[in-house]
Amino acid sequence: MFSRSRSCLLIGVCVLLTGCQREKRDVRPSPTRLAIYGDAAKESALRPGGPINPQPVVTNPYNGSGYDISEGQRLYQWYNCNGCHANGGGAIGPPLIKQQWIYGGAPANIFDTIIKGRPNGMPAWGGRIPEYQVWQIVAYVRSMNGQQPTSATPTRPDTIETNPQNLRNRTSGETK
Amino acid sequence: MSWYGGAAKLVCFAAFTDALAFCATDVQSVVNPAGPQSGKIAGLWWFFFWLLGAIFLIVMLAALRTLTRPNRGFAQEPLEGTHQVSQETENRTTRVVTGATVATVVILFVLIVASVSTGKALSELPYKKNTLTIQVMGVQWWWNITYQNSDSSLVVKTANEIHIPIGRPVQIRGLSNDVIHSFWVPNLHGKADFIPSRVNTEWIQADKPGVYRGQCAEFCGLQHAHMIIYVVAETPENFRKWYDRQLQPAVQPSDPVTQRGQQVFMNYACVYCHQIRGTDAAGQNGPDLTHFGSRLGIAANTVPNTPGNLGGWIADPQSTKPGNHMATVAVNSADMQPLINYLESLK
Amino acid sequence: MIQTQDVLPNVPNQEEDISNLERVWRRGRGLFGWLSVTTHQAIGMRYIVTAFIMLLAGGIEALLMRIQLAKPNNTFLSPDLYNQIFTTHGTTMMFLFAVPMMEGMAIYLIPLMCGTRNVAFPRLNAFGYWMFLGGVLFLYWGVFTGAAPDMGWFAYPPLSGPQFTPGKRTDVWAQMITFTEFSALCVATEIVVTILKMRTPGMTLNRIPLYVWSLLIQSFMVIFAMPAIVVASSYLLSDRTIGTHFVNPSEGGDPLLYQHVFWFFGHPEVYIIFIPALGFVSAIVSANARREVFGYPAMVLAQIANAFIAFGLWVHHMFATGLPQIGEAFFTASSMMIAITSGVQIFCWIATLWTGRPRMTTSLYFVYGFLFIFVLGGMTGVMLASVPLDLQVHDTYFVIAHFHYVLIGGAVFPLFGAFYHWYPKMTGRLMSERLGRWNFWVLFIGFNLTFFPMHILGLKGMPRRVYTYPPEVGWGFISQLATFGAFIIAIGGIMFLANVFISRKSGAVAGNNPWDADSLEWAASSPPAPYNFEYLPVATSRAPMWVPREERAFVTGLHTDRREVLVTTLMDAEPHHRYVLPGSSIWPFITGITVSIGFVGSVFNPWYIITGSTLTFFALVGWFWPRRSTELREEF
Amino acid sequence: MTEPKTIDVSHLPPYEISNQAPLWWGQLLLASIEGMMLCIVIAAYLYVRLRMDVWPPPGDQFPHRLLPTIALIPLFLSCIGTYWASEAAKKDDRGGMIKGLLLNLVLALVFFVIRVVDWYSLNFSYKADAFGTYVWAFLAVHSYDYVADVLFTFVLFVLVLIGRTGPKVRLGVHVDSIVWYFLVIIWIPIYVAVYWGPKLLETQQ
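In order, the protein sequences belong to chains A, B, C and D.
No gaps in the numbering here: position 118 of the first sequence is 118 in the working numbering, and each next residue is one more.
No gaps in the numbering here: position 311 of the second sequence is 311 in the working numbering, and each next residue is one more.
No gaps in the numbering here: position 605 of the third sequence is 605 in the working numbering, and each next residue is one more.
No gaps in the numbering here: position 162 of the fourth sequence is 162 in the working numbering, and each next residue is one more.
I should point out that these hints are in silico values taken from the structure, not numbers from a laboratory.
Honestly, I wouldn't trust all of these hints.
[As the list claims (entries may be wrong)] Simulated coverage check for chain C against chain A, where a stretch passes if three residues somewhere in it have a Cβ under 8 Å from a Cβ of chain A:
| # | stretch |
| --- | --- |
| 1 | 145-152 |
| 2 | 161-171 |
| 3 | 239-248 |
[Stated by the list, open to error] Below 20 Å or equal to it, Euclidean Cα-Cα: the simulated SDA-like pairs (lysine to any residue) are:
| # | chain 1 | residue 1 | chain 2 | residue 2 |
| --- | --- | --- | --- | --- |
| 4 | D | LYS127 | C | SER334 |
| 5 | A | LYS24 | B | GLN171 |
| 6 | C | LYS71 | B | SER319 |
| 7 | B | LYS347 | B | VAL155 |
| 8 | D | LYS127 | A | ASN87 |
[What the hints assert, rightly or not] Now the in silico label distances, taken between C-beta atoms and shown as ranges:
| # | chain 1 | residue 1 | chain 2 | residue 2 | range |
| --- | --- | --- | --- | --- | --- |
| 9 | B | GLU124 | C | PHE604 | 49 to 57 Å |
| 10 | C | PRO72 | B | SER294 | 24 to 32 Å |
| 11 | C | ILE491 | B | ALA54 | 51 to 59 Å |
Glycine included, each C-beta is placed from N, C-alpha and C at the ideal position.
Could you put the whole structure together from the sequences, leaning on the hints where they help?
If you want it as structure tokens, here you go:
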């Protein structure tokens, strides 16, 4: 009897927890994630080192958080990542929807790539944007590959062309 | 004297101070029109108010009159006779109810005519000449403003603050590229929803100088409450001056502190989102800051534009406006004062 | 064997009939029995209790919002929490309180008023309740796990779309809608069929009580309006979960289309809530004014007209979206026409009270409160129908004041009146009239104190759905007043609850017809037996309970050894054939579980639609599989 | 004091298989709910089309019209089987019910096979654009209802086959017929919208 009520409690707690990570919205980033890795990036402990990557030890604080993935999606546009990588399919830069990563596809590797930049065009964002935003972008990039829970990942963007005249096969949109 | 005496005093005091506030703070009020559009609507409002108020009183008096009918009380009387009303009474009541219904129809007809003719009058403003076109784009959670002109050198970009000359019809072309917003400056006109993939226009005109407060009126997410726009109505001369000032690129910093501030701005993430014309900063994601120092408010007018507020806003945007999209950038304490000085110098 | 009906015909085998009925209609024991109940009184009561709990939940959410808004720049709630709470408040009140409460009252009262033993589809009825409960549990699961919807109760895309509301919040909302609309459609179907086909003999169309008319009209409105919200919530859900483009403007969808579809449902929804309440008012007025409601044909026609017009004015929720002017004029006119049909009803009630001899019971107090509040809300409604005025006050506190005046005044005040009126029927004891008066005045004053100032707030430019405001706009004091009023309403609510619980134990025993009211439910005992009537009473006039006892008539010859009822013809209610209702069944509950698996699962993985449907198919086969045991007992 | 009058109903039939049965009315209402839903979606489809300049959107081909048009023949013919079965149900004619239901099921399957083949031939997915979304939604919703009703008809068929032809089953067969007519009737506007809609609403270049 005791064990049954305990398992009921356990199930109840699990049910309550299912929503938590996905729905968490820390709009205010924790102060420890405000660091801007400038030149310090080279001495950063977050250096998994080179193309061949041993066990990544750094986990993304925003893993599985719907809000942060969506923030990452916004920043991906804001910081013009789509300028080279398009919507993950790649253009000037390599595609991001893929299995094989040149510099490693673990969260820490992607973080590292964004912070330090890579040869042949990937700029170093270290010294520019705060750490928490990099992690949000990492979360979004990983979601492109289905590396985030589907329940936390948007199915499609609401990509909206601002100017109705530019819309493909659309009427002008003038209503008055 | 007891506790409720004190409470009564308190309420009276609060009522008094608020009555003062009521008179003083009509910067965002439907019944304090500052232009022809809102004036017509306010006129229509008072017409509706008095007419419908009178009808309400009549209906309520009729309803209360029924209370004076002989009351049967709780005791059970014999059933016979109580449920039947004489035919004569029924006929008279029928006449009264029919009359009331006919009166309702007539009054509603009057109201429809008044409403539709006011609507027509509102749409006549665009036919005036000498108009000004301002493109306003609602963005989560601020207003991106462009004064349109066929001559591209006369286009002005700013944010969260519209200056208009008095007596001149202004066309607001409303856009949105994220969610639906609604532009509403009640002292000038009603709402216009800004809907992605559509352009909605609204014509406003102010007849007396002043600062009119407006606010997004369609729920648009976390900071819907802090998406405020000021419309500053000025004399044509003042407007001209303001406009010419806005056409200029940003002032170059003259003293070492502001020069340092400019460097700070360029070195941090600020440049990815903000534009300061005349410098390398060309970000388009956030408000244009070219003439930031001349504006009334910060963070879509969430707080007044003071150096203190600005410092607080940059250091921790999420405390002023939780959930907004400005990056929290850890600016060194040594860099903060020059940065504030620089931004405030952008008159 | 106890006689429950006030008058019984003199027929042989009376004792045997009654003991048969007792046996056949007995509810099962234990948890299994509780889950398989299909009698309408039990299901109706479950709806009422669950919906009332939802009223309390919505009320608590309202108080939290009022605390947050009591002073400028308050930080009691974060914006994220505030958005969740106001959305949950609206959703709860519209979908989980108002509609289900009206349905619950209808399920309880309609078979009694129609003089039959149960609703037409008892198992569908039970299933509807499980669906409703599923919606309640799902939404509040979201609330307690931080996945409460936060995009407003009408969930306009793109804000509610995949990009701007990450996580599962909108999905929870959309599937909660699916649950409750299932429930509403089940109830509407069975109410319509019960009213059309199972009225007692003699209850011709022009003898149907006004409350039953209002439910017939409301149910048809549900049938024609709810499909729109099915479409709207499916649009949203499939856009979010499988990436369709129903409302995606960049691929040819249109967010404005969602608004059209939503309000095509949303406006009739308001009438779905308050038309039954008008039925309550008619019942209370006729019972307490000691005469039939004046102008019966006018009342019925006005309600029908109301229902038709309700489908032609959804656009007045969208005047600010920039529609063509000619359309706006049309929708102004149609919106104002509602004032005519509502006006006719108001005039008829006043005429009834004027020519009758009103007995001031608490329920009649609530009717007077209703008249005051609802007429005032109607006046502001006429203002909102005018395009220029609407452009100013749309989406402000003026609108909030307006719809609380029409929904609380138009639906909740009559509902409280109805509780006081029918509580003795449901429990067998009268509620305290003394506490009732207090209850009324506290609610009435609290209500006006809360919501009247909001008109002024709206005119002073306060938009709705803002989680805070700065001090310089001068909304502080009025907001504080409204917060104060909200707590008075809460006290009124507590007084009502106290009255319910005290009277349950120690109220005066009611007897069958404490108010000497006119309709057939008062012929049954209080509370009614599971079979309602030993012998179905015949409606010999429009007010069958005011017919002298010796002139009443009854139906005999129905089999009492099974749940047999009488089916009558549509217009004249002539007896047509007998019809055996199913007894207790666990299958509605099982089907409820399988359907819930589909609904809840599909939020996380679309394939659950297939899983849920397959399971539901088997559950339905179990549901409809003819039982050999019952079939053999049938003589045919 | 006179005794209350009584109306004796014991002579009335204990069940009814016709449009007087409550179940028949319930089914009619469920059909109106679905019909209403369909009306709204078709109206929405026209609305979306009016907002587009080019129709169908570039890249999307017209759906082929040959197969679905041929498929109408078994669909309409299947109504005969349904009618046959429902009339037999009224007369308690087990053989007639079996034949009618069998005809219904076979033709329904033929139709559905053609539907699936045709569906595969669409060159756009629901993810492509609003046009694709609507076409897929129409097909998916109708197929869902269709499969559900075919399955329930099959269950009824099995019941009749094993000799369970009590009034409930026969009423079921009768009511199932109106569901089937409904499914056939709503297919007509969907067919027009999906297969002729793009053609009829084609942009005049």
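Holds or violated: the stretch 161-171 of chain C covered by chain A, criterion of 3 or more residues with Cβ-Cβ distance under 8 Å? holds (count 8)
Verify the CB-CB distance for B/GLU124 and C/PHE604 against the hinted window 49 to 57 Å. 54 Å, holds
Supplied distance hint 24 to 32 Å, evaluated on CB atoms of C/PRO72 and B/SER294: 27 Å, holds
Holds or violated: are the alpha carbons of D/LYS127 and C/SER334 at most 20 Å from each other? Violated: D/LYS127 and C/SER334 sit about 39 Å apart, past 20 Å.
Can the stretch 145-152 of chain C be counted as covered by chain A under the rule of three residues or more with Cβ-Cβ separation shorter than 8 Å? holds (count 3)
Pair hint outcome, C/LYS71 versus B/SER319 [Cα-Cα no greater than 20 Å]: 18 Å, holds
Has the given pair, A/LYS24 with B/GLN171, been kept, meaning a C-alpha gap of at most 20 Å? 42 Å, violated
Would the hint linking B/LYS347 and B/VAL155 be met if the CA-CA limit is 20 Å? 18 Å, holds
Taking 8 Å as the C-beta cutoff, is the stated coverage of the stretch 239-248 of chain C by chain A satisfied by three or more residues? holds (count 7)
Could you tell me whether the CB distance from C/ILE491 to B/ALA54 stays inside 51 to 59 Å? 34 Å, violated
Does D/LYS127 pair with A/ASN87 here, judged by a C-alpha cut-off of 20 Å? With a Cα-Cα distance of about 16 Å, the restraint between D/LYS127 and A/ASN87 holds, given a limit of 20 Å.
Checked against the numbered hints listed earlier, the structure breaks hints 4, 5 and 11; every other hint is satisfied.
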